[in-house]
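A.B. asks: Sequences listed follow chains A and B, in order.
Sequential numbering of the first sequence, starting at 1, is according to the numbering used here.
Sequential numbering of the second sequence, starting at 1, is according to the numbering used here.
Think of the hints as simulated: they come from the structure by calculation, not from any bench.
Check before you lean on any hint, since a few could be wrong.
To be verified - Within a straight-line C-alpha distance of at most 30 Å, the following computed DSS-like cross-link-like pairs (lysine-lysine) qualify:
| hint | chain 1 | residue 1 | chain 2 | residue 2 |
| --- | --- | --- | --- | --- |
| 1 | A | LYS121 | B | LYS90 |
| 2 | B | LYS213 | A | LYS242 |
| 3 | B | LYS190 | A | LYS150 |
| 4 | A | LYS190 | B | LYS253 |
| 5 | B | LYS150 | B | LYS185 |
| 6 | A | LYS150 | B | LYS121 |
| 7 | A | LYS242 | B | LYS253 |
Unchecked claim - If we take Cβ atoms under 7 Å as the criterion, some of the chain B residues that face chain A in the derived model are:
| hint | residue |
| --- | --- |
| 8 | ASP148 |
| 9 | PRO216 |
| 10 | ALA217 |
| 11 | ASN231 |
| 12 | GLY243 |
| 13 | ALA263 |
| 14 | LEU264 |
| 15 | ARG274 |
| 16 | ILE277 |
| 17 | LEU288 |
To be verified - Derived list of chain B stretches under chain A, where covered just means 3 residues or more per stretch with a C-beta under 8 Å from a C-beta of chain A:
| hint | stretch |
| --- | --- |
| 18 | 189-203 |
| 19 | 232-242 |
Yeah, the Cβ is synthetic: ideal placement off N, Cα and C, and Gly gets one too.
2 protein chains.
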Amino acid sequence: MIITLDAMGGDTAPQSTVYGAVWAARDFGIAIQLVGKPNRIATELAKHDTQGLDLQIIPASEVIEMEDSPAESVRSKKDASVNVGVRQVKTGKSHAFVSAGNSGGTFVASLFGLGRIKGIKRPALTTAYPTRSAHRICFLIDVGANADVKPEYLVQFGLMGSLYTEKVLGIPNPRVGLVSNGEEKDKGSKIIKEAYKLMNLAPFNFIGNIEGKDIPAGLADVIVTDGFTGNVIVKLSEGLPKGIMETIADDFKTPTTLIVGGALITTTVVAMYRTKIFGLTALLSGLLTWRKINEIKKRFDYREFGGGALLGVDGVVIVTHGRADAYTIRNAIRAAKQAVENDIVNTIKEYL
Amino acid sequence: MIITLDAMGGDTAPQSTVYGAVWAARDFGIAIQLVGKPNRIATELAKHDTQGLDLQIIPASEVIEMEDSPAESVRSKKDASVNVGVRQVKTGKSHAFVSAGNSGGTFVASLFGLGRIKGIKRPALTTAYPTRSAHRICFLIDVGANADVKPEYLVQFGLMGSLYTEKVLGIPNPRVGLVSNGEEKDKGSKIIKEAYKLMNLAPFNFIGNIEGKDIPAGLADVIVTDGFTGNVIVKLSEGLPKGIMETIADDFKTPTTLIVGGALITTTVVAMYRTKIFGLTALLSGLLTWRKINEIKKRFDYREFGGGALLGVDGVVIVTHGRADAYTIRNAIRAAKQAVENDIVNTIKEYL
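Given these sequences and hints, build the entire structure.
C.D. replies: Here it is in structure tokens:
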């Protein structure tokens, strides 16, 4: 299997992209094509042990920057890394394309370069989202590609999301929920009410409307929404825990808390030293708590999921976060591999 | 000043409503009219010391239940507590109406009973939202009344929200932000892009588009959005911290953690006893941390804000959460008092 990576896309590219590619090539035993400026990629590759790995550089002289307008820059920068990467897939030289760059740019380049799957009205951007369910994640579609939608687009999002969640993420008979401002079927905007009716007749496990609070609770496995609301959901979910944690940190930075905290640490060390058994228990407990906290952090870490697929285009494209580090890139490549192995594109085609 | 309270509205009414009314009457020295079934209200009142308080019962034989359809039940249940309460304001027998009942019902009853302020196209439901800003809150408008909007409705939401935030919440020259799927002015659905242009010309401090992550960060004081997205924001903000906390709790409930935790507590008690100074510091630190945690909980507690106003109707109406307890009811009555004192209805009229 060959996966093409946009080596120039993302806030810390090409350092993190090249590192992630090396990591993935070793862990999954696949060939990786690195698209971008050859000398910059080569400099990064030289920092790693690439012995025995199948890594190839595909030259691309331009880059679509984060602040570039997607539609314009994809047209004007013919030799941009996303355009070159998508062409590798189109011409059959690669099985999938992965990018952490400007997601609008990747979307437009993929749409122009690969075209839509016949019958799909609008491709959509997706992401995995951590939940409390047994599967630990749900799958959000759309998270930004289509700010304006029609009811029939939402039904297709439900279908594509259901197939991806079952075939690639491995969740059997996924529950598909439609985001609305109330659980009842008469709740929602005009478009949502119409989509509800159509989804009731669709060939997937539609469980009805779900509210904002039901998403992290894990009440559905596939969360169908328009790209506007989906973007608000993803960004708010990123900002809310951050806001709460920072406020707590602010509040704990008062002189009283710092003095008392310091005194407590000092006397704890003294107590640990004087009473041997307490010292041992505290140490053991500290280690276990630390391990536990790391497990939980990992569970709510978007990096684990490696990014979402761009569904509805005629090829496998994985779009990951602009802030992706090497580990996220590695996992995004894994997601691409799984999508290819499970032949998601043909699965969608067969269902239409 | 006289405030009318829907004594029958809310999950724990009339216990919590009557308790909240007694509390508010004592704390703020105002007259309160309790609307609902007289014997049930009297039974609750008898549980409290109401000596010297101005509390009056206004009979209403019906109640709009949480599961009732707002439009139908407001029409069919003429003697519902919300209808009777709104009539008190309409006929000048009271200055404001407060309800924790079916918010759609309160909305419809207020719209029918009081009418719109002349020039206002659509009244909106609002809420205060905790943030990290110096003001500690922002003001969300609309959070559920209008699932479908037009650009000009959003501009009016910005105007009403700005006036309420300045006059009633006391935030000078509030920054008004428009929720979108990107900060740039060309981001958004068709309606949002059009609203952006109109808001740039409006007589308030418009700061542009804001993303989901900017809301808890406190980048704007007034958050303008349609009722569909506003509902998703509020419900997700309620569900997300809950989901994370519950997952952490689940994860900590393993046998290993429980055994180690128990051992640590036992040995800490032993260590506290053996080393006197550690015992004292631990106790002091425990107390301070406890106080701090309570402060933070209060800060992120929707109950502090007592609910949002229903803006755009020709009278003061405060709608609070169905799960409101006595403290929330007390604070909702305080919000009504502040809205009356600052004459929010006439302030909006003057601006139109």
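A.B. asks: Going through the earlier hints one by one, which of them does the structure break, listed in rising order?
C.D. replies: 1 and 4
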